[in-house]
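Q: Residue numbers (my numbering): 81 to 375.
It is worth saying that the hints were derived from the structure and are not from the lab. Positions of the beta carbon are idealized from the N, C-alpha and C atoms, including for glycine. Do not take every clue at face value.
What the hints assert, rightly or not - Quick list of the computed label-pair ranges, beta carbon to beta carbon:
# : residue 1 : residue 2 : range
1 : T243      : G211      : 42 to 48 Å
2 : R141      : T243      : 19 to 25 Å
3 : G282      : P217      : 16 to 22 Å
4 : P168      : R235      : 32 to 38 Å
5 : A210      : A242      : 45 to 51 Å
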Amino acid sequence: MIDSPLVEALIAEQFPQWQDLPVRQVLPGGWDNRTFRLGDDLSVRLPSSEGYVLQVEKEQRWLPVLGPRLPLAIPEPVGIGRASERFPHPWSVYRWLPGRPPEREQVADDVTLAAALADFLVALQRADAAGGPLPGPHNFLRGDSPRVYEADTLRAIEALGATIDAPAVREVWQAATATTWQEPAVWFHGDVSEGNLLVDDGGRLSAVIDFGTAGIGDPACDLVVAFTTMRGEAREAFREHRGLDGDTWARARGWAIWKALIVAAGFAGSHSPESEVRRARRTIDEVLEDHRRTR
Numbered sequence: 081m082i083d084s085p086l087v088e089a090l091i092a093e094q095f096p097q098w099q100d101l102p103v104r105q106v107l108p109g110g111w112d113n114r115t116f117r118l119g120d121d122l123s124v125r126l127p128s129s130e131g132y133v134l135q136v137e138k139e140q141r142w143l144p145v146l147g148p149r150l151p152l153a154i155p156e157p158v159g160i161g162r163a164s165e166r167f168p169h170p171w172s173v174y175r176w177l178p179g180r181p182p183e184r185e186q187v188a189d190d191v192t193l194a195a196a197l198a199d200f201l202v203a204l205q206r207a208d209a210a211g212g213p214l215p216g217p218h219n220f221l222r223g224d225s226p227r228v229y230e231a232d233t234l235r236a237i238e239a240l241g242a243t244i245d246a247p248a249v250r251e252v253w254q255a256a257t258a259t260t261w262q263e264p265a266v267w268f269h270g271d272v273s274e275g276n277l278l279v280d281d282g283g284r285l286s287a288v289i290d291f292g293t294a295g296i297g298d299p300a301c302d303l304v305v306a307f308t309t310m311r312g313e314a315r316e317a318f319r320e321h322r323g324l325d326g327d328t329w330a331r332a333r334g335w336a337i338w339k340a341l342i343v344a345a346g347f348a349g350s351h352s353p354e355s356e357v358r359r360a361r362r363t364i365d366e367v368l369e370d371h372r373r374t375r
């Protein structure tokens, strides 16, 4: 079990300079990692399973490179814990970032936040990508073509049957897989969602966290948040500031509808709560509406 007593023991064993600092679990916890606050100024993140271990050293290697090039704060590693008998995987210590996740409704409607997030992603894309991590197991192929998940997508469409507009969904998927990124590989975050954003006391976007699925490749996967969370003027502001072409936007719709379909069909790898299924179905509707409006 990954809990506070384990973290206390790991810190005492490997970072004795911090062993007197209190440890508090951060809730709600993430899926890929468990996060704990260490004192006032640090945090500890432990991968929840072996499938996320590759992300630890990747973040340690690349976040210090990316941080100075970005307009918002991102996590800053200050130590890496080694695998041991107590915990079988490497783990990380970071500086604590102040702020709180925005409310979902704020991300949906806040034009200023949408524009700030788009500007952050533009800056990320412009960072030097030389030697960066290409799509692979470390990020579940984010940055590749959505076509890598075609079998899952078609199976989910078949399973959902008449509960969705299957012809329209297939049309979205065909558009998403008809093109590929033709430019040099660029940096992307890979999991842009309200849970990986922080806002300050004034509600302004202040930080972007959890770069576990980051890499270099096609940035279309970073546009998914426009369909999962944003709507109306906020989505338009995001797209305008992001400034990508229609083909990339179509691939973003593909990434969004792939994930929504497998959640709605119950193929996401674990039982999804009903609230997530409802949200997935709303995302399908948003993607279809955007496709109809912009084609």
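Q: Of the numbered hints stated earlier in the document, which are not met by this structure?
A: Of the numbered hints, 2, 3 do not hold.
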